[in-house]
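Enquirer: Read off the chains here:
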Amino acid sequence: MTLFLGALTIGLILSLLALGIYISYRVFDVADITVDGSITFGAAICAVLIVKGTHPLLATLAAFVGGLAAGAVTGILQARFKLNPLLSGILVMTSLYSVNLHVMGKSNVPLLSGESFTTWAERLGRAWFGQPEVNLLGWLVSARDLVTVLVTLGMVVVVCLALYWFFRTELGTAMRAAGDNPQMIRALGVNVERYRILGLALSNGLVALSGALLAQYQGFADAQMGIGMVVWGLASVIIGESLLSSRSLGLAIYGAVAGSVLFRLLVAIALRWGLNPNDLKLVTALFVLAALVLPQWLQRRPRPGLSVPHR
Amino acid sequence: MLTVSNLFKTFNPGTVNEVCALRGVSFDLPEGAFLVILGGNGSGKSTLLNAVAGSFWLDEGEIQLAGKNVTRWPEHRRARLIGRVFQNPFTGTAPSMSIAENLALAARRGQTRKLGWALPRRFMDELRDRVRQLKMGLEDRLGNAIGSLSGGQRQALTLLMATWLKPALLLLDEHTAALDPKSADMVLRVTEDVITRHRLTTLMVTHSMQQAANLGDQIIIMHKGTVAYRFAGADKQRLGVDDLLARFEELRRREMLDETVADLLRENYI
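Residue numbers (my numbering), protein chains in the order written: chain G, 1 to 311; chain Z, 1 to 270.
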């Protein structure tokens, strides 16, 4: 049960990463590898500030702003300097590796004594339940773990609602259109380049937010923690889409969160059953590959009486 | 309203793919005029339209629109003054977004987009009315993704989008060429309707002689990046499909001679 709650929390924290990837991958149709750097960037900023005694909320917000900046740089490389989107991401990710080491001063910053949203959740748990363990549907679970899940869920719901609202505003619909059909929205007076920069900034802001929460939850920030995170996010988004075949905006956001949680749970189960943790990234990558290739493969088989579907 | 003077544009200069697309095009268009641009493939008619829309920078020349020199304005800035319908019905709409959202985007053409709700109730009421006027039954399907509609329906909606806010200039780029004949007729009917109702200054590119003869109050025939013929007023109204075909035949014959010889012959004998 503890394992389950832990996987749920991490799944929820990483769902912010999945939402960021949803913006870059689904709205703007780029696999933005900046994510590998910006999640660590967020974690590093947050950890260092907390160790210095900053309020955890402020530290988390600072991480979000840092992510915005990192994403904006990638956006500028793509939109203003017309660099290949993948190359822009690679350049920023690589430079962020050095930046992160500078921010942290070393390759690992532990949060042993600092305040964080988890210590806050712990206190909240004591206040609510008055005892260290709670009976949840017949299982005894730690009050701290339970409240941490609930607090994380609350934050994710707030972010989802904010994102849903944003994408239904004039600005947000124009941003979606800038990804969907740049030629059309340019003819309607939108500076597509600027919206692309804004979109990638928002995407990486969310990713850095996810990194900040992850650092607080696991109790440290590490220079290596971002490796493979973009693939993780892609897997979550793809699972979410296959869960809910609808393309509507609300369901897409919900799907990214559900996909992230489900994927984390599957990984926890696989590890429990004896999957070698070293194989985790390979398995994740193979999963994404299969999810991208299988539909093409199934479609290629001739189906009599059906024409090839196109937009 | 629109003054185009001495436009020059060469694509891929200095390479084997060098194309002189515009070679000194000039014309002006008073407010409320409807100019049809006719020409064969590679005559520069679409390039001319794109030059006005701002899709690329000109090598030479100047474009004045609604009293402003827009020559150095990027495309998205010119969109404040210009409504545009493309040849490909897929180009004018965002396929994965709903009909209502697409029109809401058009309702703020050229304006700053803020954090207000994109689809307020007041807008939805107006939207339903204006879509109903298309008489296509789409007013009950405003929440559907626009990508699920036919090319003709999308093109009619694109026309509504381009003219939602009255544009200083409406650009139509062979906007019925990719449609089946029935849809093309429908879109053409909607086009004429909206242009006459709002008295829109219009620039329409076509390669259909029939459309060129029936529509508009002025016509220019493009050839090799220049304006070969121009008709306006009563001359334009008298012009039939046969006359247009005769002009094209003349252009074709002229092309068979060496250009300088053709000029010489024309100057001395025509």
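Calculated from the structure, these hints are not laboratory results. Certain hints may be false.
Sample of chain G residues with no beta-carbon within 10 angstroms of chain Z, all distances over it, derived [stated by the list, open to error]:
no., residue
1, 171
2, 172
3, 173
4, 185
5, 245
6, 287
Example chain Z residues on the side facing chain G (calculated, C-beta under 8 angstroms, incomplete) [claimed, not checked]:
no., residue
7, 87
8, 92
9, 104
10, 116
11, 117
12, 121
13, 181
14, 184
15, 186
16, 188
17, 233
18, 234
19, 237
20, 238
21, 240
Far from chain Z, by Cβ distances over 12 angstroms, these chain G residues were calculated [as the list claims (entries may be wrong)]:
no., residue
22, 2
23, 26
24, 160
Note that the coordinates shown come from a computational prediction; the quantities given were computed from them, not determined experimentally. Glycine is no exception: its CB is placed at the ideal position from the N, C-alpha and C atoms.
Enquirer: Hint by hint, say whether it matches the structure.
Expert: Cross-check of the supplied hints:
1. 171: violated (5 angstroms)
2. 172: With a cut-off of 10 angstroms, residue 172 of chain G comes too close to chain Z, as the shortest Cβ separation is near 7 angstroms.
3. 173: violated (4 angstroms)
4. 185: violated (7 angstroms)
5. 245: Correct as stated: the minimum Cβ-Cβ distance to chain Z is 13 angstroms, above 10 angstroms.
6. 287: holds (25 angstroms)
7. 87: violated (12 angstroms)
8. 92: Holds. Min distance 6 angstroms.
9. 104: holds (6 angstroms)
10. 116: holds (5 angstroms)
11. 117: Result: holds, 6 angstroms to nearest chain G Cβ.
12. 121: At about 14 angstroms, which exceeds the 8 angstroms cut-off, the nearest Cβ of chain G leaves the hint on residue 121 of chain Z violated.
13. 181: Since the shortest Cβ distance to chain G is 21 angstroms, the answer is violated.
14. 184: It is violated, given that the least Cβ distance between residue 184 of chain Z and chain G is near 21 angstroms, above 8 angstroms.
15. 186: violated (21 angstroms)
16. 188: violated (21 angstroms)
17. 233: violated (31 angstroms)
18. 234: violated (35 angstroms)
19. 237: With a closest approach of 32 angstroms, the residue 237 of chain Z hint is violated.
20. 238: Not OK, violated: residue 238 of chain Z not within 8 angstroms of chain G, min 35 angstroms.
21. 240: violated (34 angstroms)
22. 2: It holds; residue 2 of chain G is separated from chain Z by about 42 angstroms at its closest Cβ, greater than 12 angstroms.
23. 26: Answer for residue 26 of chain G: violated, closest chain Z Cβ roughly 9 angstroms.
24. 160: holds (17 angstroms)
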